[in-house]
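The chain contents come next:
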Amino acid sequence: MLEDIGFVRVAIKLKAESREYIQHWMPGSGAEEYVVAAEVTAMKPSTLASTVYNAFKFIRELAYDAWLVQARHHALHTDAPCVEEPGVCAPGPARAPASQC
Amino acid sequence: MSADAAPDDAAHKEIVRQAYASTAMNAASCCVTPALARMKIGYTPEEQHFVGSSDLGVGCGAPTSFADLSPGESVLDLGCGAGVDVFLAARKVRGTNGRRGRALGVDMTSEMLDRARARAREMALDGVDVEFRLGELESLPVESSSMDVVVSNCVINLCSDKKAALREAFRALRPGGRLCVADVVSRGKELPPALKTNEALAC
Numbered sequence: 002m003l004e005d006i007g008f009v010r011v012a013i014k015l016k017a018e019s020r021e022y023i024q025h026w027m028p029g030s031g032a033e034e035y036v037v038a039a040e041v042t043a044m045k046p047s048t049l050a051s052t053v054y055n056a057f058k059f060i061r062e063l064a065y066d067a068w069l070v071q072a073r074h075h076a077l078h079t080d081a082p083c084v085e086e087p088g089v090c091a092p093g094p095a096r097a098p099a100s101q102c
Numbered sequence: 003m004s005a006d007a008a009p010d011d012a013a014h015k016e017i018v019r020q021a022y023a024s025t026a027m028n029a030a031s032c033c034v035t036p037a038l039a040r041m042k043i044g045y046t047p048e049e050q051h052f053v054g055s056s057d058l059g060v061g062c063g064a065p066t067s068f069a070d071l072s073p074g075e076s077v078l079d080l081g082c083g084a085g086v087d088v089f090l091a092a093r094k095v096r097g098t099n100g101r102r103g104r105a106l107g108v109d110m111t112s113e114m115l116d117r118a119r120a121r122a123r124e125m126a127l128d129g130v131d132v133e134f135r136l137g138e139l140e141s142l143p144v145e146s147s148s149m150d151v152v153v154s155n156c157v158i159n160l161c162s163d164k165k166a167a168l169r170e171a172f173r174a175l176r177p178g179g180r181l182c183v184a185d186v187v188s189r190g191k192e193l194p195p196a197l198k199t200n201e202a203l204a205c
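Protein chains in written order, with my numbering: chain A, 2 to 102; chain Z, 3 to 205.
The hints are simulated quantities; they were obtained by calculation from the structure and are not laboratory data. Don't take every hint at face value.
Claimed, not checked - Mimicking DSSO-like on lysine-lysine, the simulated pairs with C-alpha atoms at most 27 Å apart in a straight line are:
1. K14(A) with K165(Z)
2. K14(A) with K191(Z)
3. K16(A) with K198(Z)
In this text the structure is predicted, and so the values were computed from the model without any measurement.
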């Protein structure tokens with residue numbers, strides 16, 4: 002069913018130990034003889050556009066982390082304001098540059 | 003627990019809704035794993051302590067334990083109930099350095115969502131947006147291609163139209179996104195009549 006929908010890399014891992022808790026669900030029904038818990042994983046296929054987007058996202062986040070490390074170091078050793086202070090110009094995913102930047 | 007569609011979808015859905023509304027209000031319900039047996043489900047003692055009363059014992063696995071979640075990711079929980087897996091996911095996708103993760107739970111039982119939202123207010127997790135929406139798995143109130151990961155814990159088996167629910171999960175996932183589901187599957191034996199009633203299938 003998952004592959005029909007379009008998922009790829011479908012994997013199903015049965016949990017034999019699930020018998021120990023399924024037997025409590027409807028005591029006396031024997032449900033544990035008919036069903037077993039499973040871990041199902043699958044993936045929606047990547048597209049070229051999504052691969053390129055993710056690569057740029059990774060590079061952007063890496064660059065931001067590098068900038069953050071040096072900005073904090075700079076603030077520690079100079080009288081520059083700490084990067085966490087409000088109003089400080091900072092690039093990055095959740096810190097759009099302020100208008101005065 | 004059956005792959006076959008129930009004869010009356012609306013009636014089946016209403017029975018499921020009522021059963022889980024009762025569970026949300028701590029009334030007696032079937033398919034609840036006793037506290038002592040919950041260790042086998044897959045949550046660590048520390049995780050059980052963290053989620054507190056949002057773990058109602060109605061899951062059959064721990065999808066966040068094999069979803070390989072990373073900070074900053076967005077996670078959707080199908081049939082989130084009182085929010086146990088949403089909170090565990092939220093803790094794993096909490097952003098660092100200003101990035102925010104996102105954990106979204108969808109459930110069709112408003113009583114469950116009331117509990118989940120109350121617990122979310124108590125927890126007040128930083129660095130992550132936690133949200134709960136009322137909706138059905140067959141028509142998710144979620145934007146297309148917006149989620150990195152879709153998880154679910156013992157809920158898809160309750161849907162009479164499982165393919166529609168999985169198709170919606172596919173739509174909600176961004177390309178390259180992961181589906182991580184804990185659920186029950188058949189051992190290949192025909193279910194006896196006692197386990198084929200709407201009440202049993204709502205379990």
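Open item on the list: Let me make sure I understand: some of the numbered hints might not hold for this structure. Which ones are they, in numerical order?
Closed with: none
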